[in-house]
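K.L.:
Spelled out, the chains give:
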Amino acid sequence: MAQKKGGKSAASDDPEELARTPLQAVLLADTFNLKFRPITLERPKVLLPLVNTPMIDYTLAWLESVGVEEVFLFCCAHAEQVKEYIGNSHWGQSHAGFSITTIESNFSMSAGDALRFIEGKNVIRGDFILITGDTISNMSLTEALQAHKDRRKKDPDTVMTMFVKRSKPMPLTHQTRLGNDEIMMAIDPETKQLLYYEDRFDCSKRAVTLDKSLLADNASLYLRTDLEDCCIDICSPEVLTIFLDNFDYQHLRRHFVKGLLHDDIMGKKIYTHEIDSSYTARVDNYRSYDTISKDIIQRWSFPLVPDVLYAGNRAQMRLQREGIYKAPDVTLSPSVRIGAFTAIGSGTIIGENSSVSNSVIGELCTIGRNVSIDGCYIWDSVTIEDGCRLSHSIVCDGVHLHTGATLEPGVILSFKVEVGQNITVPAYSKVSLLPQPSKQDSDEELEYADTNSGIIDSPSIASISPANIEHDHVSSFDTEQSVLLEGGLSGVGYIWTSCETGNEEEWRYSVAPIPVEKLKEFYAKMFDEDESSSDGEQTGITHSGELISESKSTDFDDSDGEYKGDVSKFEKEVEETFERALGGVAEENVQLEINSLRMSFNVTHAECAGAVFQSVIKSAIIASNSSKSNLLKATIDAIERSKGLLSYFITNVDEEIEVILKFEEMCMEITREFAPIFSSVLHQLYDKEVITEDAILKWESEKADADESDKVFVKQSEAFLKVFSHLNFSTGVSVLQRLYGAMTSLKLL
Amino acid sequence: MDPPMDFQVVVLAGGTSDKLSPLVSKELPKALLPVANKPLLSYPLELLEASNLKNIIVVVEGDEAATQVESWLSVAYMDRLNVEVVKTPGDVGTVGAIRAVAPFLISTDILIVSGDLVSDISPGAIAATHRRHGAAVTALFCPAPVSGGADSSTSGGKDKAKKPSRCNIVGLDPTRQFLLHVVSGAKVEKDIHIQKRIVRAVGQMEIRSDFMDAHVYAFKRTVLLDVLEKENLYSIKQDVLPYLVRTQLRSEISAKKENSADESSNGATKELPSEDININSAVPSNQNLRWLSQHREIAPSSYQEIHISDCDMNKSRLAKKTHKCCIYLSGKTQYCARLNSVQAFGDINRDMLGEASRITGYTFSAQNNVVHPTVVQGAKTTAGGQCIIAEGTILGDKCSVKRSVIGRHCRIGSNVKIVNSIVMNHITIEDNCTIQGSVISSNVQIQERASLKDCQVGAGYVITAGSEYKSEPLTKR
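Top line first, the protein sequences correspond to chains A and B.
Here the first sequence stands for residues 1 to 749, where the numbers follow full-length UniProt numbering.
Here the second sequence stands for residues 1 to 477, where the numbers follow full-length UniProt numbering.
Keep in mind the hints are simulated off the structure, nothing from the lab.
Ideal placement from N, C-alpha and C gives every residue a C-beta, glycine not left out.
Hints are not guaranteed to be accurate.
[What the hints assert, rightly or not] Taking beta-carbon pairs under 10 Å as the criterion, some of the chain B residues facing chain A (in silico):
(1) ALA128
(2) THR129
(3) ARG132
(4) HIS193
(5) GLY203
(6) MET205
(7) ASP210
(8) PHE211
(9) VAL462
[Claimed, not checked] Taking lysine-lysine and the DSS-like style, the derived pairs with C-alpha atoms no more than 30 Å apart in a straight line are:
(10) B/LYS332 - A/LYS212
(11) A/LYS518 - A/LYS572
(12) A/LYS269 - A/LYS258
(13) A/LYS618 - A/LYS633
(14) B/LYS26 - B/LYS332
(15) A/LYS662 - A/LYS569
(16) A/LYS192 - B/LYS332
(17) B/LYS402 - B/LYS453
(18) A/LYS212 - B/LYS19
Just chain B, with the same shape it has in the complex (with noise of 0.2 Å):
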């Protein structure tokens, strides 16, 4: 089926990524950890769907891992989105896994969507957004959280000790549709440098140091596969991003783009000769010029004046291109988070029961829970508010659940106390245990009068009765 708008998506779905260890293993790769009792990767999916995307490529770090994800899309996407599943060796970074599936990719625009993404912004919206300016890259950026947020746990306690770490420096128009500075993520320990001839072309540079990469971005075709020629690169968010951005004001893609769109227009694609000049990347850059004038409302005649300066001068080098590098910045209101860490996984799974319930896709009770109906529960148990118990699960008597997710097919017993905690499928919690602020991998045991205390448990755990944890990791040898 065609989608209505020649996007492909690629969404990142990672593979058994370490810095969610121990919740992570050969068993459940990152693409299937369930958040809200939902498999992670499922989110962007939904999310995919809902704008109507539904050529989706997804790109799985490591064998093992992209068996699993196949297998469970094949199940659950099977009749509604056109999913492959390519797979990668791991450790190639993002830029890695672009170009293993470069030969897939055939439309005019590509949507990257990190696998991780929990978030209600829609992507159709970025990739209209894209096309509407037709730009080589868009970006998704989003307020980050404001109390130690997702993105700033991941750079890890050096930073925490300076300064508030900042997670991203960019720098945008003062309509705050185009990016024109970017330095992201460890760089931003040290001083910046912003280049004055972007700024004197807008006049007015915002800079934040407040936005949050979501890790989506829109990518021309033609302009993504140009720069994954080049070496060096690792990551999306901090090579081929920043090197997009900052040449945008003399685009060597479009250089190099005009001389392969004169070849290719000279012999395969004569059929389509309009089409031509759309999808190409580099756009003619006084097409591009006068388009820009139109939108940078405070220096378009800076843009016209250098097309003209440089027809006038007649100068034997090449007409200075540009491309548009633009930004999606989402609203206060929407959410978004990258779930790249232990602690993101918890903050996630918290916001799952409150303020973004709505992602989900629960319907929650008066009680402002969602309790399966096949779940047993014994007498005198209470599941309070921001409770998500999934199918299967029988809890003793006198069980008190307060805002905590708990998977399928759990055994509790009976006085078991579990608060803000997430307890995925299959395990087996014994009497008078008291479970607070923790992660419990499946298959998990524990064993009767266990006290955990902000811990990870990984799969297959057996906590032994009457031990207790404190903010510890605990993980199968």
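With the rest of the complex left out, here is chain A (with noise of 0.2 Å):
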């Protein structure tokens, strides 16, 4: 406390801070996702247990300890439980630390719509905190609150302080220990402006894209994939002006973050302060809820624990050697075997030889005996009967385990699920009472709407035979595979499928210690794709061995995909237009339509006529019904329909080559049925007028040069060009000069 009025002294000396203004924190009370489902259906996740204590209440509590003076809890889903709660806890009273102020919108479904509706109340008036409920820390503010005010009145386009902390060294810990995702940051060195922020980081793109500007303006910068998102951030007022000019702006990261730095519209920065030996996490899943849950009992988040930290109305846990918290009205049976790192709350009762380690049990639980609990987080008034087995699990208030039931590693129950005799629950299921709301309501930034529309009646629920529940609810949520736990006649509750996350990624997120061959997966994965590219193009190798810089071969390779992707797709194009003028398009509109094809896909004019021409004897097969006698007439007819389109499109002696080729093309791959009649087809394009001997001829003279296999064609038409060129005798020397070129170069090769 005395540290924190230094800090405000100090700030206070500046003229324009005369007129103090307290120091304000906004605690979103609601994370604007679902991982925490099905639990979060039935209570806010700010409310749940972190070893016995809400989570907000570790917020709370750093938050007076920084020495804020008011606070507004922004509520949301479960506004009700949240104000019940902060108006029961000592934090309502006047006696805390600060005045608190609960601020509830039941239309806010992203923090960004959160703080738009803050900024409508008009409550904020200087520097503010923003900090989500889930986050637990004991870091101290002063510095950052100092710099930060110091670079607003340098630079009053300082709108945000972030805050990071350096992460384990190891990518693989790194994103294993909490779950989160790898982020990567550019900072500057100097001034720890925050120059780019790139979270989700997208493991499919191997590069990272810096815009050049960013080096222009700085000398050197920080490229680090090596810290931690805090989440807790120093904003100013602005920030809450961004948001409500930029209302699309929901994610506070994705979309502020990057808005702002890569829009670079508003000029607006951000600034990062690091910090290092104090502890910073926020509980964003079950797998950074367990490692946090380690971490306060191991006490690295002190003075957040459990034995300083409590508000309820029972007796407080006492810390023991080995790490074992223990409320002194437990009940345990001599026999009872309590492991390292193990806290139980008060009420508790465990029975004969059973054994709890790396475990958290609540108040007023009934454990029976021979029961073994390992690194589960068992919750309050939980009842479990004899003989059951737990590891690595969440089981929430009021679930009753029958006789000799498992829970596999993962499983996740939660609220008054009864699990039947002898069941075993498979790994990773989560069971709640309440059915799985239908996909489409679980896009991410919409849960608040149905953690409303998920509450439904069903109190009675355990009272319905489990075949009618199926039936009633099943139906109505049918795309859901909402499976009753089958287990006798005692066993409540659905089993979720897994929603967002996929079964391939449950591992990833889940309470259950990540199993050896999923790290390796994960780890090969990180770095395979990266063994995927070592042949890509992006390392500047290319299979034959010849080196291109980089910038080189990404530009080239990707002009060259795009451009062969555009030819068959306007070949498609081409086709669908023909298509359509089959059906009755009038013949100038095809050609108005398949010109401005050929100029949006800019293609050559040869290509062009290619891609008619091949609609044109695709269409003729699909006249022909696909039989071999009728292909020859149908083509004919076909030409002789498109006639004018054709000669429109076909206008010079490379174009008509083009077409001949792309016939050959075709009969060669795609349409293998044109094969025997090509030389037919050849002539009746003659005929038709469609292609002029000249273009036949070099055609010819072109294939001349190529490989036997290439001139099946050319054989097969052999008759029609000796006729053909003996008919058009007197065309001029030149044809026949370039003829017995042709043959001579024949002969030499």
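Can you join these two chains into the complex? Each is in its own frame, and there are hints to help.
P.N.:
Next up, the structure:
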């Protein structure tokens, strides 16, 4: 407290600060995501117990410790519960270190909405701390706050200071410890300004692209993946205005931070403050719930530890040897084995020969005999009958496990679920009394909406017979395979299918320790795309082993790929247009349409001619009903029908040759059925004056040097060509010369 | 004689660079261009000699240039250095030059030094760093000159119009020992792409755009020869170095090289079995990784992890190879410049007179100048501070020389002012001339009352009496 006073008085030296504003904080008591489903259907995330104390208590205790005087608690989902909790706790009392005001909005779907709503309330007067109700921290704010104020004085465009923390050096632990995504930031080493931010780090992209202007403006910068975002920010009041101005900003990082950095329209600056020794973490998913619980038990978050921080009305837990926390009124049978780093809440009874290790057990739980609990989080008033085996699970309030039930790692049992006798709940299952909402609601930003719709009547669910429930509810939520837990008579609850992440990713976010194979797989994946990329274009070494500079090669390959894609796409478009033309669209319109296609795809006239011809031939195939005898006739018909169109697009020799080549290609690849009638069709084309003799002769001479395999069609047309050149004897010596040239070159070869 | 370190040095002396026209010509190749009255090539050579790197191959472009350089070398360094001159046709690029000398390369590591380097950074230190890390390549980078220095002026006016042009973009690890990313020269205009993997591996990558590639590289010979086999390479700076840096976490060289190493160890090199592993560029990845893990402080484990996961997964693919690309960063107080433009020529000469005078090897007098004892000065002639006047030059009366270099056997008339200029050898300047900020090549005749400001005068040019020139290059037609 004294520390904070010091910081305050230093800040208020500034004349502008004479009208001193109390330090304010905005605490978002809603995380606007679904990661804690199904538990959050019934209770807001901030009230979930973390080592027997609701998460929000940790956050509020930290805010109090750093000298915040006014807290605006924004609640959305389950606002009533949050308000009730705050009202009953000591935070709501006048002797708390700060005043707490709850702001309730039922329409907010995201952090952006929340901040816009708060802006509308007009309560923020100065810099404020923005934090979510699931953040555990024990860091000091003084230095960063002072730095922020100093920067603000120098540059009014400073809007935010983000706290970041050096994470574990190894990318693997770093990402698997808290189940976070990797974040890449670029930070100016001098000013600590944030220059680039990329979360949800897309592994498929192998390279990060920094804008050239970044380097033009900054002689040096640090590109870092070894930082964790603490999700605590010091914001200027402008942040709210920016949110108001940009009504499409939803997510604090993905939209706001990126928007400010990348759009660069507003010239606003974000700075970072790196903390090193203190503890900060956010309970973002089950995995981090597990990790942070352990951290708290191991006292990394001191003074926010179970024997100090406790606001409940029952007996407080005390720390004993080996990191065991135990309330004084716990009843343990003498044969119970309690392993290290375990917390057992007040009023809990554990029967003979049971063993508990690495777990947190809440208050008023009844645990029978021969139960083994390892790495579990058992909340309040849970009944576990004899012989149950639980490992790495979360068991919410009021759950009842009947004799011999087994929870495999990663199981989540939401409130009041019952597991029948000798039932094994498979790994990673999530079981709730409430059925899973249908899929379309599970858009991430929409948690609030469906939390409300999700809480539907069915308090009496347990009284309905299983078959009925299945019938009633499963049919109404048909897309989900919400099956009632089979479990004899006493099992109650729906098994949820995992919705957002899919089963493959489940292990990453689960409470269960990550299996070794998965770790390896994950690691391999992380570096394997690199491996596969080693042959890729970006490495600059192509298969032939030649070296192309990186930038060049990317450009080249990109454009190349685009180009190829475009031609085939263009052909497809032309084909579709042509089909429409057959359906009776006027010829001029078709010409117009194809011409505009040609321009928009930027293909040459010749390619266009080829594409049109291809469409004609394809239409012939359709017309012939794939019978070979009809094919020639159908082709002739098709050519006759589209003569106008063809002659419109085939105007010179080059285009004619392209058409012949195209036809040849088609005969070899796509439409092999034309191969036998190649020469006849060619003859037809000549007869219909689509193709001139010049083109045919040119084609032939072009083919003269080709491989034998390429000359199949030349040979086939030999008779025709002969007659043809004979007939056109008069066309001039030049043609003959060309022919002669071709022949001699053949001989030479 | 055997140098103490098994290093061969290749000095790329260039030929008659267009960039330096009109200063260089067929008669005066770039290597022999006088900088503070010493041939340019003598600077890198002296530097190498000081580090006891005496096994030197000088590559010169063009026959005539090669002959001249060779004859100069045979006189100047006859008994001091073991120098060979190899000539290449013009316009083959630095890679072409190295290809030309490839058959002569026999030592474990090769140091490639640009012949236009004027510096006091010890190449021995670079060589030692290279050895210590066992790197595939070590490159020297130095802080780029702040005010439009040598390198930025080469990129031409186009860049200058835009934002301050950056010479190179380099990515360093937090210890600043490893080179993780490099984009050089003209490519900097684009957005930069950085491989995520390499950032991931170190956790934190420092990206600098204010370092200059000083064109000194130490290569493992095996790596160098291997890279040279690839096609489409032109420049070491723009092609070879970026390639090696880019592939350092999955070295293709190593994979290849190991095969050849196997072959060679089966065959001829059996008599030196232990050496073979050290010489080989492809340290098997586990060795290299262990090594890396000791030195990459930030993410040691990740390197091991690659290795571990590779072994564990027992995939059929080749174990990942890495090679190390190191960087030697010069200190801020050290001088480092490359003479690759007319602008740089002027700058370097000026620096030789001022801040970097230690490099010249001259002893400056109390007036802070170097006037050879044989110089004849007329009455009331003053040679101010920061001047070098070489032997046999005769100055008339009432001359004033400030911040300038005057070469050998010049005849300078009376009442001539020479300020901030470089006057090479055998030049005649008649009375009442004013020369400011200019470079006068050898054998130029400047007739009386001529006035030159910021001009470059090519060899043998005659400036007529009374003429005035401003900011012009003047060459003999």
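K.L.:
Work down the list of hints and note, for each, if the structure agrees.
P.N.:
Consistency of the hints with the structure:
no.	hint	in the structure
1	ALA128	violated (26 Å)
2	THR129	violated (21 Å)
3	ARG132	violated (23 Å)
4	HIS193	holds (4 Å)
5	GLY203	holds (3 Å)
6	MET205	holds (4 Å)
7	ASP210	holds (4 Å)
8	PHE211	holds (9 Å)
9	VAL462	violated (46 Å)
10	B/LYS332 - A/LYS212	holds (26 Å)
11	A/LYS518 - A/LYS572	violated (43 Å)
12	A/LYS269 - A/LYS258	holds (11 Å)
13	A/LYS618 - A/LYS633	holds (14 Å)
14	B/LYS26 - B/LYS332	violated (37 Å)
15	A/LYS662 - A/LYS569	holds (16 Å)
16	A/LYS192 - B/LYS332	holds (23 Å)
17	B/LYS402 - B/LYS453	holds (14 Å)
18	A/LYS212 - B/LYS19	holds (28 Å)
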